[in-house]
Structure formats: structure tokens, C-alpha cells
Amino acid sequence: MLAGACTGGSTESTTTTSTTTTSTTTPSAPTTSIVQTLRPAVAMPVFVDDDELIPTDDEVVVGTLDNGLTYYIRENDAPGGRAQLRL
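One rule links them: number in the numbering used here = place in the sequence shown (from 1) + 7.
Worth flagging that the hints you see were computed from the coordinates, not collected in a lab. Backbone N, C-alpha and C define an ideal beta-carbon position, used for all residues, glycine too. Honestly, I wouldn't trust all of these hints.
Unchecked claim - Derived Cβ-Cβ restraints for the label pairs, each shown as a range:
hint, residue 1, residue 2, range
1, 87, 59, 25 to 33 Å
2, 65, 90, 17 to 25 Å
3, 73, 93, 14 to 22 Å
Let's have the full structure, built from the sequences with the hints guiding it.
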């Protein structure tokens, strides 16, 4: 039988077989709040609501694909040779 406990102090485990009993004590790991260690390093961006229209200028071409996806295209000469996609 193997028994153990997680506490702020030490952890004691006992292993029992038909002929031998062993008992060891090991120091427990320091307690750390997971919530504190998983905070984002930077502020999260604020996005436009799905129902709100995205403002565009006159050079933006807006269209809708057969599957219902709306797209926005605008030509931009600088920097050249690049495309930007946002989902």
C-alpha cells in the first residue's frame, strides 16, 4: 500500500509488502499560486464587436464569398511584396 498527503509540511509515504516496511520523509515543494504565474505579459488587444461595422476608406474593396465570408482588400505600395491576413 502506498499512502501520501500534500500539505504545507512534510510528506510521509509508507510502502508495505509482506516482509518489509519502508518509511521516508521528504520536504514538500513550496506552494505557489498558479493564477499568479499565468498572467499575460502584455495587455490583451480590444477587438471590434462582431455586429459592429469595420470603418473603411474609399480605397477598400469589400466583398462576400459564396460561403458567406466577407473580405476587405486594399492596395498598398509600401512596403511592397507583402500581404496581411487577419482572422
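Hint by hint, here is what the structure shows:
{"no.": "1", "hint": "87 - 59: 25 to 33 Å", "result": "holds (32 Å)"}
{"no.": "2", "hint": "65 - 90: 17 to 25 Å", "result": "holds (21 Å)"}
{"no.": "3", "hint": "73 - 93: 14 to 22 Å", "result": "holds (21 Å)"}
The structure is consistent with each of the numbered hints, conforming to all of them.
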